[in-house]
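**Q** Chains as they are written, first to last, in our numbering: chain A, 10 to 122; chain B, 3 to 114.
Everything labelled a hint here was simulated from the structure, so no lab data went into it. All C-beta atoms, glycine included, are put in the ideal place defined by N, C-alpha and C. Among the hints, erroneous ones may be present.
[Claimed, not checked] With the C-beta cut set under 10 Å, the calculated list includes, among others, these residues of chain B facing chain A: (1) Y78; (2) A81; (3) L95; (4) G96.
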Amino acid sequence: NAGVMQNPRHLVRRRGQEARLRCSPMKGHSHVYWYRQLPEEGLKFMVYLQKENIIDESGMPKERFSAEFPKEGPSILRIQQVVRGDSAAYFCASSVGENQPQHFGDGTRLSIL
Amino acid sequence: KQEVTQIPAALSVPEGENLVLNCSFTDSAIYNLQWFRQDPGKGLTSLLLIQSSQREQTSGRLNASLDKSSGRSTLYIAASQPGDSATYLCAALGGGADGLTFGKGTHLIIQP
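Throw the hints in and build the complete structure from the sequences for me.
**A** Take a look at the structure:
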């Protein structure tokens, strides 16, 4: 009965490279949320997805960031041409439905050299 | 836009004391409110969730209350232990946002 699985746990990229963060929701959950925690700041909502649909991306930076949740496989948060300011912990959460309790993964710590 | 504020930002108390962490939110149209614990470099552990129709929830030494009309929630920790040392986060679901809106947390230290 695995919880929300995120990988990798730690990711190091050089400026200009691409970062791909993966999230497998809990079994039976079809709603996925991504959050970012910048150093010394609180967690901020980025995007809310259901299978094959982006429901709310109001928290996503306008450029370089994208997210998907395909019919098969994990949800992916993709950051293109990473910059130092992208260094943060990225958390994924899943829920069984809209407005239901969210369960969090252990996060991916992204470091940009 | 929902905003969540947590007071105090940091708290240090001797072991054994009872303590209260405070959380306030600006938009009372919430579906639920969750309290989480985060240890340094770790993920979030859900402690308690209060649905909008509920007034409080209890789990062991923890009790969380919710007053939607005043936009407040409190987390009460009884008989604190050094293992309770962590950052406690309050998060509201609803109030115009699809995702959770988090406070910045209360960093709690329990002195042995």
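**Q** Next, verify each hint and record whether it holds.
**A** Structure-based check of each hint:
{"no.": "1", "hint": "Y78", "verdict": "violated (21 Å)"}
{"no.": "2", "hint": "A81", "verdict": "violated (27 Å)"}
{"no.": "3", "hint": "L95", "verdict": "holds (6 Å)"}
{"no.": "4", "hint": "G96", "verdict": "holds (7 Å)"}
The structure fails hints 1 and 2 (numbered hints given earlier, in ascending order).
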